[in-house]
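Chain by chain, the residues:
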Amino acid sequence: MVLKIASKEMKEVLRDGRFRVLSALCLVLLLVAVFSGKRYYEHVNAQHRDAAEKERLNWVSQDAKNPHSAAHYGTHAFKPKYPMSLIDQGVDKYTGVSIYLEAHVRNEAQFMAAQDQTALSRFGDLTPDFILLFLLPLLIILVGFNAITREKENGTLRLLQSMGISPLNLALGKWLGIFIPVAALLAFIFLLAAWLLNNLSDFGTFSLSALLILFSVYLLYYAVFSNLVLIVSAWAKKSSIAFVILLSAWIVACLGMPKLTTNLANTLYPYPTQQEFMEAVNEDKKKGLDGHDPWNDAAKKLEQEVLAEHGVDSVHKLPFNFDGYLMQKGEEHEAEIFFKHYEHLKEIYEKQSSLYKNAAILSPFLPARFLSMALCRTDYHSHWHFSDEAEKYRLHMMNALNMDFADNSTYGDWSYKSNPELWAKIEPFDYNPPTYASVLAFNAGNFTVLIFWFLISGVVLVYRCKKLKV
Amino acid sequence: MLEARNLSKSYNGTAALQGLNLLVKPGDIFCLLGANGAGKTTTINLFLNFIEPSGGEAVIGEYRVTDAPLETKKLLAYIPENLMLYPNLTGIENLDYFSSLAGKKYNQQELGKFLAEAGLQEDAHAKRINTYSKGMRQKVGIAISLAKQAKVLLLDEPTSGLDPKASNEFAALLKKLSQQGVATLMATHDLFRAKETGTHIGIMKEGKLVETLTTEQINHADLEKLYLQHMN
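Respectively, the protein sequence lines represent chains A and B.
Numbering follows our numbering, with no gaps: position 15 of the first sequence is 15.
Each number in our numbering comes from the position in the second sequence (counting from 1) with 1000 added on.
Read the hints as simulated data drawn from the structure, not as lab findings.
Mixed in with the good hints there might be a few duds.
With a cut-off of at most 20 Å between alpha-carbon atoms, the simulated DMTMM-like pairs for lysine to aspartate or glutamate come out as follows [unchecked claim]: (1) Lys1151(B) x Asp1163(B); (2) Lys1134(B) x Glu153(A); (3) Lys38(A) x Glu55(A); (4) Lys4(A) x Glu1081(B); (5) Lys152(A) x Asp1163(B); (6) Lys340(A) x Glu108(A); (7) Lys467(A) x Glu1071(B); (8) Lys467(A) x Asp1163(B); (9) Lys286(A) x Glu350(A); (10) Lys1205(B) x Asp1222(B); (11) Lys1105(B) x Glu1071(B); (12) Lys466(A) x Asp1067(B); (13) Lys466(A) x Glu1211(B); (14) Lys1165(B) x Glu1081(B); (15) Lys1151(B) x Glu1003(B); (16) Lys1127(B) x Glu108(A); (17) Lys1165(B) x Asp1190(B); (18) Lys466(A) x Glu1052(B); (19) Lys467(A) x Glu1052(B); (20) Lys1127(B) x Glu12(A); (21) Lys1175(B) x Glu1196(B).
Only chain A is shown next, with the shape it has when bound in the complex:
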């Protein structure tokens, strides 16, 4: 009986023409977005591979030189583009694609896609996530806003009420009638995406299970909207009223709350400006050890300690080059300062994130938005992970270079040149993104909120439909 109701609802929806036009429109947009996303992914991926290879070649083909010169010469870490980014671009456009790894400094990622575009890029790109997160909920509203009000207005509700069916069956049938067409559209797009990703020559870290989880996130998101649409349609007396209410709800949930939360997050927990950040770092650096300045207080202190430890009275008598050792200690000290200040940034980021999680109580859009980005590895958290790993690699690289200097030369011998083999001995940066298990664990809150939304709206819907007296 439930399926009968659902199939009758769908039949009506299909004959109405509204759904045909709108879903065709959404489908065309999605197809364009998916195919252009695929091309963009292939393009960026090829660039990434090319750049990484060339950069490695630049690094290993350095001449014999002082290792610390090589440390200043530096290299680049390139952030991989993930296959599922073709579904959700997340914040990728604004986070930069590579990090310059050099001595003494932790650099920010640079070369953001947004930099290469004109100011018109503020209008946004046509990406599947835009259609999936914004337009399909609108489609659900347009299909379902009069699911029950139309029965009231046409007078069919009275006949329905005289049939002796349970309100729950009616609600479930109506619900499926709204949900199935949209779910079918979603399934089609995900099947297409899975097929495209599987056929990519280099599909890298693509995992079918992640795609399936993403699929279920969207299903859950649409289920929440289907619930809300039916609640309002059961409550309102007129279709026009239901439509206005639902459209307002969509504006609040999908447009208002995300922007409001962003404003609030930036007001409550502002990030320091680049200038403030670097000033604070430099302030701390001045207080501590400088590898290039053996005359500052901290360097003198370190010298006394090292001499005492080895039981000698002059740096010339140490079994290693104190210059190299000092350089490494300076590097470690600077790394600590950077670590401290980046931790501070992360704290701000955590506070902002938790604000978004709280705001999700007012908007099912937010948890869906964050889950989608996270599963596609295009969220800010993924970027942080890359940045941290690149920093680890930088420290590892600096350590290898400075210690080569310390171990193979004598104090004061700045003309020491290491064998070019050393460059190749430092293995290339091999970045592994966090596992999906840890992504899911990190996003457990978003999952909970979304499920909570589904359950609460489901209970309200059941309660509301019981009042229909069918």
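Assemble chain B onto chain A, guided by the hints.
Same frame as chain A, now just chain B:
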């Protein structure tokens, strides 16, 4: 089959129905006459459990409607003054939908048979309801009650606004159903049709059933006289 026991309904202290007692047995067609606001529709709505009684009880079959609304609704078919169906679906699709809501499964042929039995011309079966006249929609209503195998018919002025031919056909269908043992309660303004079709007549005034008689007891002219007597 259909019984009202001291059934009352009041809205904010104003009585819409007072102490109604009536019994409709299988095969009976009980016609409720009365002015607008006399309580006819209230009575039908009480049997449908659309509204809660203030006192007394409405019984269909063995159940009080307030105790078992779903079970009692399974027994009945309801045709309001203006039966509304889904405009984008065809006659046969509407019938299919409502009969499956009633828990019945029929194939297309059987559904077509019900429509034909209800007097709907064959070429209209596959046409959408938005092309139907009111009389045709009422026939689909009858087809629904046939398909539902309803034991009780609740009709709220089903023939008002129908042309005489359609009205006549409708009355013939009701008679046919009553021969099959269906108990019918019909609110109407049509004295002539009530006398012709009905087995019993009740006259209502200001929420009270003021007169009950069988149609055999009275001729048409006397019925009209009696009716007007009560109204004045």
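Hint-by-hint comparison with the structure:
1. Lys1151(B) x Asp1163(B): Distance ~27 Å between Lys1151(B) and Asp1163(B) Cα, so the pair is violated.
2. Lys1134(B) x Glu153(A): holds (17 Å)
3. Lys38(A) x Glu55(A): Roughly 25 Å separates the two Cα atoms, so the pair is violated.
4. Lys4(A) x Glu1081(B): violated (27 Å)
5. Lys152(A) x Asp1163(B): The given pair, whose Cα atoms are some 27 Å apart, is violated under the 20 Å limit.
6. Lys340(A) x Glu108(A): This hinted pair holds, its Cα atoms lying about 15 Å apart.
7. Lys467(A) x Glu1071(B): holds (18 Å)
8. Lys467(A) x Asp1163(B): violated (38 Å)
9. Lys286(A) x Glu350(A): With a Cα-Cα distance of about 29 Å, the restraint between Lys286(A) and Glu350(A) is violated, given a limit of 20 Å.
10. Lys1205(B) x Asp1222(B): Holds, because 18 Å separates the two Cα atoms, which is no more than 20 Å.
11. Lys1105(B) x Glu1071(B): This hinted pair holds, its Cα atoms lying about 18 Å apart.
12. Lys466(A) x Asp1067(B): holds (16 Å)
13. Lys466(A) x Glu1211(B): violated (38 Å)
14. Lys1165(B) x Glu1081(B): Measuring from Cα to Cα gives roughly 17 Å; hence the hint holds.
15. Lys1151(B) x Glu1003(B): holds (13 Å)
16. Lys1127(B) x Glu108(A): Violated - the C-alpha atoms of Glu108(A) and Lys1127(B) are around 68 Å apart, more than 20 Å.
17. Lys1165(B) x Asp1190(B): Answer holds: Lys1165(B) to Asp1190(B) is near 14 Å, not above 20 Å.
18. Lys466(A) x Glu1052(B): holds (15 Å)
19. Lys467(A) x Glu1052(B): Within the cut-off at roughly 13 Å; holds.
20. Lys1127(B) x Glu12(A): With a Cα-Cα distance of about 14 Å, the restraint between Lys1127(B) and Glu12(A) holds, given a limit of 20 Å.
21. Lys1175(B) x Glu1196(B): Holds, at about 10 Å.
When each numbered hint is compared with the structure, violations occur for hints 1, 3, 4, 5, 8, 9, 13, 16.
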